[in-house]
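A.B. asks: So the protein sequences, as listed, match chains A and B.
Sequential numbering of the first sequence, starting at 1, is according to my numbering.
Sequential numbering of the second sequence, starting at 140, is according to my numbering.
Source of the hints: derived by calculation from the structure; they are not laboratory data.
Be a bit skeptical, because a hint or two may be false.
The calculated lysine-lysine pairs, modelled on DSSO-like cross-linking and capped at a C-alpha distance of 30 Å, are [as the list claims (entries may be wrong)]: (1) B/Lys180 / B/Lys167; (2) A/Lys88 / B/Lys180; (3) A/Lys71 / B/Lys145; (4) B/Lys225 / B/Lys145; (5) A/Lys71 / B/Lys229; (6) A/Lys71 / B/Lys225; (7) B/Lys167 / B/Lys210.
In this text, all values refer to a predicted model and were calculated from it rather than measured experimentally.
As a plain string of letters, each chain reads:
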Amino acid sequence: MLYQNEELFRLMPQRAPIVMVDKILDAEGDTAHTGLTVGPDNYFIEEDGRMAEPGLIEHIAQSASAFKGHKALQAGEPLPIGYIGEVKKFHCYVRPAIDQELTTTITLGAEVNGVTLMTGETRCGETLVADTQMKIFVE
Amino acid sequence: MLLKDKFFTVLHEERITANDAVFLCELKADCDVYRGHFPDKPVSPGVCNIEMIRECAEMLIGQDLLIDTIKQCRLTAVASPSICPKVDVKVTVARVEGTENYNIVASIADALTSYMEMKATLKVKE
C-alpha cells in the first residue's frame, strides 16, 4: 500500500463529496493498481444501492490522476490537474454495490502535447466491473 | 434520478420526434459537487455531464436506462455554472434491432461552444 484515504490528497485536487479513489496499492513504471471501497455515502450511489456507471469512469480517471500525481511527486514536479478529454470504448459489465472493494489497473500510454492516453480496468474480486480507454489532458 | 434537480434542472424540453429531443438545462451553481471539484475552482465534472445525458435520455424514452457502452465521448471544453449557466442537451435515440438496447447520439452545447459529444449504447433497466 503506497497511499490511502487522505494521503491521496497530496496527489490529486478532488475533495469530498466527489473523492472516487481511496488507495494506491502499488505503482511501477507506467502501471499502477488503485482501489475504492464503495461507501454508502458515495456520490454516485443510486436509489437501488448500486453505483451509477459515470462513477466508475470518475474512479478510473481519478486513479490515473492520483498515479500521475505520484509520479510528479517522485520527480519533484508540481502537482498536475488533469481533466478527462475523451472516454473511448467504455464498457460497464456490472454496477458495484455498497461495501464492495474495487481494484483498478491503470496503464499510462504515450503523452503528446499534454494529453496522456491511458487504459483502466476495474474489478471486484475476480469479476470484471468496467474497462475503458481515456485521454487525460493536464493543465 | 441521481443528478436531476441537484446538478441540473430542466427548464424546457423540445420534442422534435419520438426519438429526438433538446433539453434546455440549467447547471446549478449550488450543487454540492463543487465543494470538491474543485475547492475554490468550480468545474462541472465531465462524468456529471455524462450522467445528465443519461437522465435526459431516460426522460426522452420514459424508461430507466443503464450505460452499457460508451463508444466515444469527447469533452471539448471546460464547463461550469459560471461559464455556461444554461446548456442544450440534445439526444437522439435509435432502438438496436432485436434487443432492449438503444444507441444514442448526444451533445451538450450553448450558442457559442460545444462541451460534449457522446455516442453510447444504453440498455433498459430490468
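A.B. asks: Each hint needs a verdict: does it hold in this structure or not?
C.D. replies: Here's how the hints hold up against the structure:
For the hint pairing B/Lys180 with B/Lys167, the CA-to-CA distance comes to about 15 Å; that is within 30 Å, so the pair holds. Of the supplied pair hints, the one linking A/Lys88 and B/Lys180 holds, its CA atoms being roughly 27 Å apart against a limit of 30 Å. Distance restraint check for A/Lys71 and B/Lys145: the Cα-Cα separation of roughly 35 Å exceeds the 30 Å cut-off, and the hinted pair is therefore not satisfied. Restraint check for B/Lys225 and B/Lys145: satisfied, since their Cα atoms lie roughly 14 Å apart, inside the 30 Å limit.
Restraint check for A/Lys71 and B/Lys229: not satisfied, since their Cα atoms lie roughly 39 Å apart, outside the 30 Å limit. Taken as a hint, the A/Lys71 and B/Lys225 pair is broken in the structure, with Cα atoms around 38 Å apart against an allowance of 30 Å. Distance check on the hinted pair: B/Lys167 and B/Lys210 sit about 28 Å apart at the alpha-carbon level, within 30 Å; holds.
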